[in-house]
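Protein chains in written order, with the working numbering: chain Z, 1 to 343; chain W, 1001 to 1313.
The set of hints was computed from the structure by calculation and includes no laboratory data.
Please note that the accuracy of each hint is not assured.
Partial list, derived from the structure: chain W residues whose beta carbon lies under 10 Å from chain Z [claimed, not checked]: (1) D1049; (2) E1051; (3) G1142; (4) M1250.
Using C-beta positions, here's what the derived DEER-type ranges look like [as the list claims (entries may be wrong)]: (5) Z:L257 - W:L1134: 18 to 26 Å; (6) W:R1282 - Z:S136: 21 to 29 Å; (7) Z:S315 - W:E1051: 45 to 53 Å; (8) W:P1267 - Z:P251: 24 to 32 Å.
What you are looking at is a predicted structure, and each value in this text was computed from that prediction instead of being measured.
Ideal placement from N, C-alpha and C gives every residue a C-beta, glycine not left out.
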Amino acid sequence: MRILLTGLGTYFGSKLAQVLERERSVELVVGLDTREPVLPLEHTEYVKADSSFSILERIVTATRVDTVLHTHLVVDSTQASGRALHEANVIGTMNLLAAAGAAGSTVRKVVMKSSTLGYGANYTDPYFFREGTARSRAPRTRVERSLLEVGGIVGDFAEDNPHVTVTMLAFANILGEHLGSPIARMLRLPVVPEILGFDPRLQFVHEDDTIGALVYATLHDVAGVYNVAGAGTMPWSEVCSIVGKRRVPLPPFLTGLAVEPLRAARLVDIPPEILALLRYGRGVDTSRYREAGFRYQYTTAGAVDAFAQGLRLQSTVGRREYRYERDVENFFRHSPAVVRDRS
Amino acid sequence: MPLGWGHGFTVVMAPEPVDRTTTAARVLPDSRLAGGELVPVPKPAASGDDELRVGDVDGWGRSERVRAIARRLYDPLYRRWFRVEWEGLEHVPKEGGALLVGNHAGAIPSDAPVIMHGIETELGRPLYGLADNLFRLVPVVGTLWSRTGGVPAHPDNAYRLLHDEQQLALVFPEGTKGTGKHVSERYQLRRFGRGGFVEIAMRAGVPIVPLAIVGNEEAMPIVYKSGRLAKMLNIPYFPVTANQFVFGPMLGLVLPFPAKFRIKVLPPVHFDAAPNQERYNRSVVIDHSDRIRESIQNAVYDLLRERKSIWAG
Chain Z
1 MRILLTGLGT
11 YFGSKLAQVL
21 ERERSVELVV
31 GLDTREPVLP
41 LEHTEYVKAD
51 SSFSILERIV
61 TATRVDTVLH
71 THLVVDSTQA
81 SGRALHEANV
91 IGTMNLLAAA
101 GAAGSTVRKV
111 VMKSSTLGYG
121 ANYTDPYFFR
131 EGTARSRAPR
141 TRVERSLLEV
151 GGIVGDFAED
161 NPHVTVTMLA
171 FANILGEHLG
181 SPIARMLRLP
191 VVPEILGFDP
201 RLQFVHEDDT
211 IGALVYATLH
221 DVAGVYNVAG
231 AGTMPWSEVC
241 SIVGKRRVPL
251 PPFLTGLAVE
261 PLRAARLVDI
271 PPEILALLRY
281 GRGVDTSRYR
291 EAGFRYQYTT
301 AGAVDAFAQG
311 LRLQSTVGRR
321 EYRYERDVEN
331 FFRHSPAVVR
341 DRS
Chain W
1001 MPLGWGHGFT
1011 VVMAPEPVDR
1021 TTTAARVLPD
1031 SRLAGGELVP
1041 VPKPAASGDD
1051 ELRVGDVDGW
1061 GRSERVRAIA
1071 RRLYDPLYRR
1081 WFRVEWEGLE
1091 HVPKEGGALL
1101 VGNHAGAIPS
1111 DAPVIMHGIE
1121 TELGRPLYGL
1131 ADNLFRLVPV
1141 VGTLWSRTGG
1151 VPAHPDNAYR
1161 LLHDEQQLAL
1171 VFPEGTKGTG
1181 KHVSERYQLR
1191 RFGRGGFVEI
1201 AMRAGVPIVP
1211 LAIVGNEEAM
1221 PIVYKSGRLA
1231 KMLNIPYFPV
1241 TANQFVFGPM
1251 LGLVLPFPAK
1261 FRIKVLPPVH
1271 FDAAPNQERY
1281 NRSVVIDHSD
1291 RIRESIQNAV
1301 YDLLRERKSI
1311 WAG
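Please put together the full structure from these sequences, using the hints given.
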């Protein structure tokens, strides 16, 4: 199996490469990103490039990859401007799939990392979205619009390329000690915001299950859209008390205006899609991926508990990060001095 | 074995699982729970992470502890104020999913809390109340509504409750058309929606248990309705209730009259349609819906014939 991986510069991309390069059936991992990997990698090839079409097609042709793992969708709208978000999500996916579907392409499998953000959060919603359930209101935020657009592009690609196994995984809010989603950032604050009078049902997936789910889709043939989330939901108040944080209420009316000074003061940036979540919450039905054979390690409560444990560790020893050093990595990857025993 | 019942019954807050024999003894109508006790709730098989949780809120936002407090507070109202009497309670299944369907009335209807309180104390089974999702918009009220067993009446929610979790759910197909009736139209049942409740029960493969209720109309009768104010406030109806003349404009909006409640449970309606179908024959659905509405209407008339006094029953 020869894999092209986007988003190698994120924790997920790097971690995924780390897991995949240890798999016996995986021959090659080519990682693509503008940022350097954040974890030590043994023989994953890092290509510093953006997702423009010409580069991608050359890489696909040159490396004869058969699997494309697209982990580079931006779902945290605080991390990119609207334009950058559109470029990364919509244009990036379009280019990638164009390269994967080009004439003579060797690609036979595409795995996408998406988000349940695409379902929205509204008072008219069902309590557990199924994979086929449509949103109850049109999307208002940029990130949700771009995710829906990406869904359309991926659906078209799957239809046009019946010989390619296309999997799209919609992840619930991811929790883990290694990453900073808007929710995780809120839970790291000394006091955690809530909307007065609302205590929404939330659902989380642990970062290890996120990696596991992507690896599972890569190594098995599971075509279609799947929700990925820990079993059960948990009210925001309970999440906060497990993490051991007090809550401060935001006003239930004009909440969007109320968070503006917090953002300006760089205290916390709560984007509108997260405010909607703090008001109405969201749950998804997870039976489909389980029926496809995937086994979770964490439930929603388990993910919250593991996150709380990580926070406690970090409050004592701080966050440990790996710094990528190009020459060291190149040495490990290419030097004949390194004994490469993969068995 | 339907999903969600893998672990059998557990009494919330009690560390040891209660076996089925003890539970069976508890659900007999004569072993009435005093209002504040906890109802044994079947746990979804998938979770099993209870030791990590600090609360007891389930996937529907319902908390048995909050429910127990609500029952303790509501018990005097149930027993002394409304003096609720049941007939045919044996028709409510002791296990497995079922959709309870009743007639709906009163500006702020008392029938839903009365039925939920009654089923839970008499049968020891949790009952989820399906209602308008407008509750979710209101701060504090929406959260309390959800903690005390309210669930938005979305078809997917109803299906999951009834089919996947084999729970009891309560629905009033008349919706706000029933509660928004003028006092002169009392006990004239409104249209039962478009029969969606029948379709859900068919899809979930559960029976419908019709309930005929009297007393709910007189608990809070509407004497005047302002269409213009309702439109301005964007609510289904703007009532002036008889209670407001007696108790004052504010208290009269929340305090019902002590009308005697009598609830008659009719034999369950089973459907021969195959469950889990994409769609069901509309005329069959409407036909069943009309028949169920008719049977409730007739049972309401029977109860009214037997009733000698609104207040004494």
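Verification of the supplied hints:
The beta carbon of D1049 of chain W is positioned within 10 Å of a beta carbon in chain Z (closest approach about 4 Å), and the interface hint is therefore held. Here the hint on E1051 of chain W is kept, as its CB sits about 9 Å from the closest CB of chain Z, short of 10 Å. Below 10 Å, beta-carbon pairs count as interface contacts, and G1142 of chain W has one with chain Z at about 7 Å; its hint therefore holds. For M1250 of chain W, the interface hint is violated, since its Cβ never comes within 10 Å of a Cβ in chain Z; the closest pair sits about 20 Å apart.
Between L257 of chain Z and L1134 of chain W the C-beta distance comes to about 24 Å, which sits within the given range of 18 to 26 Å. In this structure the supplied range 21 to 29 Å holds for R1282 of chain W paired with S136 of chain Z, their Cβ-Cβ distance being about 23 Å. A beta carbon spacing of about 23 Å between S315 of chain Z and E1051 of chain W contradicts the range 45 to 53 Å that was offered as a hint. Distance hint for P1267 of chain W and P251 of chain Z: a CB-CB separation of about 51 Å, inconsistent with the stated range 24 to 32 Å.
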